[in-house]
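Could you slot chains B and C onto chain A? The hints should help.
So the protein lines, in turn, are chains A, B and C. Quick note: the first sequence uses the numbering used here, first residue 1, plus one each step. Quick note: the second sequence uses the numbering used here, first residue 252, plus one each step. Quick note: the third sequence uses the numbering used here, first residue 639, plus one each step.
Just so you know, the hints here were simulated from the structure itself, not pulled from any lab data. Among the clues, some could well be false.
[Claimed, not checked] Partial selection, computed: residues in chain B whose CB lies under 7 Å from chain A: (1) V363; (2) P393; (3) G397; (4) S458; (5) A459; (6) F460; (7) A466; (8) N470; (9) Q471; (10) R473; (11) F479; (12) S480; (13) T487.
Glycine included, every Cβ here is placed at the ideal spot set by N, Cα and C.
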Amino acid sequence: MSLLAIHGVNKRFGGLRALNDVNLSIKQGSVHAIIGPNGAGKSTLLNCLVGRIKPDEGRVDFDGRSLLGLEPQAINQAGVARVFQTPEIFPDLSVMENVMMPAFASKDGAFRIGLWRRVADRRDVEAEAEEILHDLNLWDQRDHHAGSMSRGDKRRLELAMCLVQHPRLLLLDEPTAGMSRADTNNTIDLLKKIAARGITKVIIEHDMHVVFSLADRVSVMAQGTVIAEGTPAEIKNDPRVQEAYLGGAHL
Amino acid sequence: MSTVTARPGPKRELLTLAIFALAILTMPIWLAPIGAGYPDILQKFAIFGIFAIGFNILFGFAGYLSFGHAAFLGAGSYAAVWAFKLFSLNAVFAIVFAIAVAGIFSLVIGYVSLRRSGIYFSILTLAFAQMSYNLAYSVLTPITNGETGLQLSGGDPRVLDRALFVTTSRLQPPDLFGIALQGWSGFYFCAVLLVIAFYVSMRIRHSAFGLTLLAIKSNQRRMGFTGFSAKPYLLTAFVISGMYAGLAGALLATTDPLAGADRMQWTASGEVVLMTILGGVGTLLGPVIGAALIKYLEQIFSSFNEALLHRTFDFLPGAADDVVTAIFAPFVGEGWQLTLGLMFMAIVIFLPGGIMEGVRRIAGASRRQRTGSSAAAREVGRRIPAE
Amino acid sequence: MDALILQVLNGLDKGGAYALIALGLTLIFGTLGVVNFAHGALFMLGAFCSVSFAKLLTISERVRDESVTFFEAYKEVPYLEIWWGETGKSIVDWAVPLSLLLTVPVMLLVGVAMERGLIRFFYKRSHAEQILVTFGLAIVLQEIVKSFFGANPIPLAAPAALSGSADIGSLVGLHGISYPLWRMIYFVFSLGVIGAVFAFLQLTTFGMVVRAGMADRETVGLLGINIGRRFTVVFGIAAVVAGLAGSMYTPILSPNYHLGMDFLVLSFVVVVVGGMGSLGGAVVAGFLLGILQSFASMTQVKAIIPGIDQIIIYLVAVVILLALPRGLMGRRGVMEA
Numbered sequence: 001m002s003l004l005a006i007h008g009v010n011k012r013f014g015g016l017r018a019l020n021d022v023n024l025s026i027k028q029g030s031v032h033a034i035i036g037p038n039g040a041g042k043s044t045l046l047n048c049l050v051g052r053i054k055p056d057e058g059r060v061d062f063d064g065r066s067l068l069g070l071e072p073q074a075i076n077q078a079g080v081a082r083v084f085q086t087p088e089i090f091p092d093l094s095v096m097e098n099v100m101m102p103a104f105a106s107k108d109g110a111f112r113i114g115l116w117r118r119v120a121d122r123r124d125v126e127a128e129a130e131e132i133l134h135d136l137n138l139w140d141q142r143d144h145h146a147g148s149m150s151r152g153d154k155r156r157l158e159l160a161m162c163l164v165q166h167p168r169l170l171l172l173d174e175p176t177a178g179m180s181r182a183d184t185n186n187t188i189d190l191l192k193k194i195a196a197r198g199i200t201k202v203i204i205e206h207d208m209h210v211v212f213s214l215a216d217r218v219s220v221m222a223q224g225t226v227i228a229e230g231t232p233a234e235i236k237n238d239p240r241v242q243e244a245y246l247g248g249a250h251l
Numbered sequence: 252m253s254t255v256t257a258r259p260g261p262k263r264e265l266l267t268l269a270i271f272a273l274a275i276l277t278m279p280i281w282l283a284p285i286g287a288g289y290p291d292i293l294q295k296f297a298i299f300g301i302f303a304i305g306f307n308i309l310f311g312f313a314g315y316l317s318f319g320h321a322a323f324l325g326a327g328s329y330a331a332v333w334a335f336k337l338f339s340l341n342a343v344f345a346i347v348f349a350i351a352v353a354g355i356f357s358l359v360i361g362y363v364s365l366r367r368s369g370i371y372f373s374i375l376t377l378a379f380a381q382m383s384y385n386l387a388y389s390v391l392t393p394i395t396n397g398e399t400g401l402q403l404s405g406g407d408p409r410v411l412d413r414a415l416f417v418t419t420s421r422l423q424p425p426d427l428f429g430i431a432l433q434g435w436s437g438f439y440f441c442a443v444l445l446v447i448a449f450y451v452s453m454r455i456r457h458s459a460f461g462l463t464l465l466a467i468k469s470n471q472r473r474m475g476f477t478g479f480s481a482k483p484y485l486l487t488a489f490v491i492s493g494m495y496a497g498l499a500g501a502l503l504a505t506t507d508p509l510a511g512a513d514r515m516q517w518t519a520s521g522e523v524v525l526m527t528i529l530g531g532v533g534t535l536l537g538p539v540i541g542a543a544l545i546k547y548l549e550q551i552f553s554s555f556n557e558a559l560l561h562r563t564f565d566f567l568p569g570a571a572d573d574v575v576t577a578i579f580a581p582f583v584g585e586g587w588q589l590t591l592g593l594m595f596m597a598i599v600i601f602l603p604g605g606i607m608e609g610v611r612r613i614a615g616a617s618r619r620q621r622t623g624s625s626a627a628a629r630e631v632g633r634r635i636p637a638e
Numbered sequence: 639m640d641a642l643i644l645q646v647l648n649g650l651d652k653g654g655a656y657a658l659i660a661l662g663l664t665l666i667f668g669t670l671g672v673v674n675f676a677h678g679a680l681f682m683l684g685a686f687c688s689v690s691f692a693k694l695l696t697i698s699e700r701v702r703d704e705s706v707t708f709f710e711a712y713k714e715v716p717y718l719e720i721w722w723g724e725t726g727k728s729i730v731d732w733a734v735p736l737s738l739l740l741t742v743p744v745m746l747l748v749g750v751a752m753e754r755g756l757i758r759f760f761y762k763r764s765h766a767e768q769i770l771v772t773f774g775l776a777i778v779l780q781e782i783v784k785s786f787f788g789a790n791p792i793p794l795a796a797p798a799a800l801s802g803s804a805d806i807g808s809l810v811g812l813h814g815i816s817y818p819l820w821r822m823i824y825f826v827f828s829l830g831v832i833g834a835v836f837a838f839l840q841l842t843t844f845g846m847v848v849r850a851g852m853a854d855r856e857t858v859g860l861l862g863i864n865i866g867r868r869f870t871v872v873f874g875i876a877a878v879v880a881g882l883a884g885s886m887y888t889p890i891l892s893p894n895y896h897l898g899m900d901f902l903v904l905s906f907v908v909v910v911v912g913g914m915g916s917l918g919g920a921v922v923a924g925f926l927l928g929i930l931q932s933f934a935s936m937t938q939v940k941a942i943i944p945g946i947d948q949i950i951i952y953l954v955a956v957v958i959l960l961a962l963p964r965g966l967m968g969r970r971g972v973m974e975a
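Next up, chain A with everything else stripped away, as it sits in the complex (with noise of 0.2 Å):
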């Protein structure tokens, strides 16, 4: 069963072409890897996916539905919750507020006039914070102030904001880029930690490491179009992404 079926999705700038008639099916459940050399038009068929760009041509269905023309909004109220390459999140609230927010937007919809009802007296939505503050061992830094956090833990947080909405489908754009090597470990198993709860996941990654430590499938991206797509170990024998990769060099 796929969940998010892309089909010859075209995009254009100017004269360059961004994505050329990209083709793709993410299995239920699965986590699927993007992986291809920079300008391979990944971080655009992302940007596609959640609506901040239109593409020319094509099809992307989620769930059956088309995704094409939603706003971002209406793109994440349909369950797909995205992870930024830069963190975005709200630093001038607290730790728990960042938290508290994708869940009331779970739980209300995208607009609510709740002008009267304390958030104070919103248990359900308070729980729900605090079990994956927890979760994401984000419990301590709960009063703290977002924006006064280290660049490691406002990424956790940002993954904490997708996950307290329980999306269907979880885009990640380079979840340890900028990391060091015992980050991208921990990360890595988080991601794993995570993996339990069937959340089907797009990565974007850059990093073997990561990629192979955790996707089911790899989806290998250049020059804006799908080259090649299998198994982590059929696509780490496969002539040709070698060929994309290190111009024949052995990976």
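Using the frame of chain A, we list chains B and C on its own:
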């Protein structure tokens, strides 16, 4: 690590409300020693406090700087005077009518202005306010009575009063079910509404809606990807703050039944911005303090003149008296606007967080001295709405 | 047809003033990244430079009025007239154009002092704070002027030779279009100043750096070019341009202390319509809106839409902002919000 209670419950709210109400209602006593213990000025404190609280919901919580809020104040005043003329001299009816009119007016202007953000939003609101102001002076004269201003007159229909056989004399001021709203009763009427307005703004601040506004201010880009439509939240905040302005405008008309277009001028919009930042943007109490302080200083400074200055400084020897008087003279009387401008600059330059920020810094410094812990230091910088 | 041409002409002088103020606003906004709500006040200060200059020239002595014989009458005669006779008289008559000699140095000084003393501390602060502090400064400046010159408008006359009307219609073969000469001079003058600013930006190295800075501030900063000093100069130039615009406008509109506020709001609208950060856009939009405003004040137009003359500019701004978020000539990526 010290923690921040960002989600206060009902007990804390009630305590805050009780202290606030007590402080406001006893203003005639504790403000008497500084010469502000008379109803006219206290009434102004309350009315402009309401205006600033409402403005703060938009600017302080959601971070949208409107330069056109005086338009809603003016619209509220006009609506209230019309309600007095057409329906009834009872203030309750006029206030409800004014809030409704200001609400609809701000819904239209907000809907258009909120299609942009940042300085474009500020300029759009400014443009709308200027349009309202210019129209009030020209084409809309049948409604606004132009430069003379809209007034009550003996020939007003007052259909409700007539239908209910309430006899109103020709030039009687508005009342509240027969209680005259002049002098002290006028002040207490405004003060009770101020307390209610404060409580409503506190509930909004502590609601999911309020948290959403703060989140929009913090990172609007993230809102869509978090599943929120920011626009309707902003529009609701805009309309609420417009209704607050309408209420304030109605109260101005109730205590003095005259509405003029100068209430809509953009300098009036600037004044409410100053009140809010002087007190502390985003705090609950700040706007009230800011509004009272500006109105108090306005009263003091504009009532001074050179002769009064001479009398104030006559303890100094002859020449020094003249020099000091000459130094102060440009800032008082007619020069009050100059003082206002200087104050405006000084606050933005040195204390952008306003008085509440200053209080917090002092409190933070003394707490650090007492406990000697540096852990609290990190929390001081955070702008938590003070209760 | 004649009426239409006349309306276009009527809009040109006002359009010139809008264009000059908007040009400075855009220059400051584009290079320094500062939203200057005190720019209208600079226009007003320029106008009062002319007022002061005229006052200076007409410092007078009370002398016996010989023409009155049957009682002792006195009249005020400017010293210039006493000293230099007819030459002195014509210097007094030409006070407004000559006042530019005072306006330029004074406005340069004001601009530099303002940038060094206040604006530079606000480069890194939010637009809201910039708006607020310059708004405060605008109030302070206009109140200072009010305390020196009073609240009433002060009329200044254009030189007698230039104060009549010219039958400029005959130049293009139409008759009966007479147009105040000074307004035409103002239009030509504003074109000259605009031309000078553009030439400065296009032809000098300094101007090149400024233009590069408007295109990409960060990169220019990285090139190791001393931006700080250039910012001061840019601000000074913008202040002088606004001052010149105000100075020459005095015979058209008698200046009062809140002149600046009136022009500021309109000029911001001009900047927005032209497109934030586009110098050409500011100029084009300035003239366009000036002309549009003059059309809107035609009685025929007012008969159809009453009050349109009062709100036309704001209305245009709203429509442009909503339909063309970047204005007429704004570039992509400049101050999008």
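Here is what the structure says about each hint:
This hint is violated: B:V363 has a C-beta 19 Å from the nearest C-beta of chain A, more than the 7 Å allowed. For B:P393, the suggested interface contact is broken, since its CB lies about 36 Å from the closest CB of chain A, more than 7 Å. With a cut of 7 Å, the hint placing B:G397 at the interface with chain A is violated, because the nearest CB-to-CB distance is about 38 Å. Nearest Cβ of chain A to the Cβ of B:S458: about 5 Å, under the 7 Å cut. The hint holds.
Given hint, B:A459 at the interface with chain A, holds; its Cβ is 4 Å from that chain's nearest Cβ, closer than 7 Å. Interface restraint check: B:F460 against chain A, minimum CB-CB distance 5 Å, threshold 7 Å, status holds. About 5 Å separates the beta-carbon of B:A466 from the nearest beta-carbon of chain A, less than 7 Å, and the hint is met. This hint holds: B:N470 has a C-beta 5 Å from the nearest C-beta of chain A, less than the 7 Å allowed.
Checking B:Q471 against chain A: minimum C-beta separation of about 10 Å lies over 7 Å; hint violated. Hint on B:R473 holds. Least Cβ distance to chain A is approximately 5 Å, under the 7 Å limit. For B:F479, the interface hint holds, the least distance from its beta-carbon to any beta-carbon of chain A being 5 Å, beneath 7 Å. Residue-level restraint check for B:S480 holds (minimum Cβ-Cβ distance to chain A is 4 Å; threshold 7 Å).
With 7 Å as the threshold, the beta carbon of B:T487 comes within range of chain A, its nearest partner Cβ sitting at about 6 Å, so the hint holds.
Comparing the model with each earlier hint shows violations of hints 1, 2, 3 and 9; every other hint is respected.
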